[in-house]
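Engineer: All chains should be built: construct the whole structure from the sequences, respecting the hints.
For the protein sequence lines, the chains are A and B, in the order given.
When we follow this note's numbering, the leftmost residue of the first sequence carries the number 56, and every step to the right adds one.
When we follow this note's numbering, the leftmost residue of the second sequence carries the number 209, and every step to the right adds one.
Check each hint, because a few of them may be wrong.
Below, in silico cross-link-like pairs of lysine-lysine (DSS-like), each with a Cα-Cα straight-line distance of 30 Å or less [what the hints assert, rightly or not]:
id, chain 1, residue 1, chain 2, residue 2
1, A, K103, B, K285
2, B, K244, A, K103
3, B, K315, A, K168
4, B, K318, A, K95
5, B, K224, A, K93
6, B, K351, A, K168
7, B, K318, A, K168
8, B, K244, A, K149
9, A, K147, B, K244
10, B, K275, A, K168
11, A, K177, B, K244
12, B, K285, A, K168
13, A, K131, B, K244
14, A, K147, B, K346
15, B, K315, A, K103
16, A, K93, B, K244
17, B, K224, A, K95
18, B, K244, A, K130
19, A, K168, B, K284
What the hints contain is simulated information worked out from the structure, not anything from laboratory work.
Each chain is listed here by its residues.
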Amino acid sequence: MGLFKMKKKAVVDLQLSWVVDLLMLVLLISTFMVLNNKIKTSQLHDMKVSVRDLSLTHDAVSASPNEVYSVIVPKKNMDVILDDSACVVVAKSKESVDTIPLRFPCSKSNLAKVSSVVQEDKIVISKT
Amino acid sequence: MKKGILAADAVELLIKLFFVFTFAIFLYVVSYSYLKEPVNIANLESYLLSRNLLYSDSCLAYSDEVKIYPLQVDVKKLSDERLNACFSKETMGFRVTLYDKKGREVKSAKSLTVKQEGLLTRGTKLLYPVCNSVPQYKCSIRKDLVLYNAKEDNLAQGFLVTEVVNFVG
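Structural biologist: Below, the structure is given as structure tokens:
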């Protein structure tokens, strides 16, 4: 009788340890899948490139000795905004809410008149 | 017998922990390299600064009523106030020095905070020893061939040296 009870307890212990192992494995695989899904989209990379692209375009327009216009078309899955007063470019994701907006500064000039206008899906930067 | 079972359990646990830690480290490395992906544009920013200085009449380019003369430095414009007004970026600081063709300093001006000035201190062996020891900053130097008005209506050849300190994160 005592031997039977011990055997039963050992079987339950064994099954429990397998369940814990299985749960741990599921947790690891699901973490990997979530991370992999985030990384596969490359949206963060696109946002980093877009803010720098717009900032450098602004600086290049500012450097021009003549009147010049430059048109930038940002990717459709993000909002890219050029704040002229503070001279900061901000990129926000349209798709994922949990992606933090990215900021990148552009060069500020009190003497040159550089302005930006949003026209449909384009950003027009001009020096007049 | 009991000791043997305990040892076997410990080995099994160690093997499991090894796999869990390996996988966790792998996930950490992948996610960290993704989030902290470097986008190094410090050299491009320095280049654009030099173009701003030499091509825009709001910076150092000489201009009259008719046109702007790119790559021709108006010495009167080379001052700290002018540089601060014509180009300011929160991640950048710079010092501009105009030399004549024999390498003698004509005039210098800067747009630097106290910290940036410390980073741009020149050393004897290394060019910027302080800056090189701080990985968050990158210092660079550019030399451009320019014309400048030495005396009234008298143009001379010289070099404009631009030293830039950039916050790269």
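Engineer: Please go over all the hints and tell whether each is borne out by the structure.
Structural biologist: Quick rundown of the hints versus the structure:
1. K103(A) x K285(B): violated (35 Å)
2. K244(B) x K103(A): Measuring from Cα to Cα gives roughly 11 Å; hence the hint holds.
3. K315(B) x K168(A): holds (27 Å)
4. K318(B) x K95(A): violated (44 Å)
5. K224(B) x K93(A): holds (27 Å)
6. K351(B) x K168(A): holds (27 Å)
7. K318(B) x K168(A): holds (22 Å)
8. K244(B) x K149(A): holds (21 Å)
9. K147(A) x K244(B): Holds - the C-alpha atoms of K244(B) and K147(A) are around 18 Å apart, at most 30 Å.
10. K275(B) x K168(A): holds (17 Å)
11. K177(A) x K244(B): holds (29 Å)
12. K285(B) x K168(A): The hint holds at about 18 Å.
13. K131(A) x K244(B): holds (24 Å)
14. K147(A) x K346(B): holds (28 Å)
15. K315(B) x K103(A): violated (38 Å)
16. K93(A) x K244(B): With Cα atoms ~14 Å apart, K93(A) and K244(B) stay inside 30 Å; holds.
17. K224(B) x K95(A): Roughly 29 Å between the alpha carbons, so the hint for K224(B) and K95(A) holds.
18. K244(B) x K130(A): Holds, because 21 Å separates the two Cα atoms, which is no more than 30 Å.
19. K168(A) x K284(B): Status holds; Cα separation ~22 Å.
The structure is inconsistent with the numbered hints 1, 4 and 15, although it conforms to all the rest.
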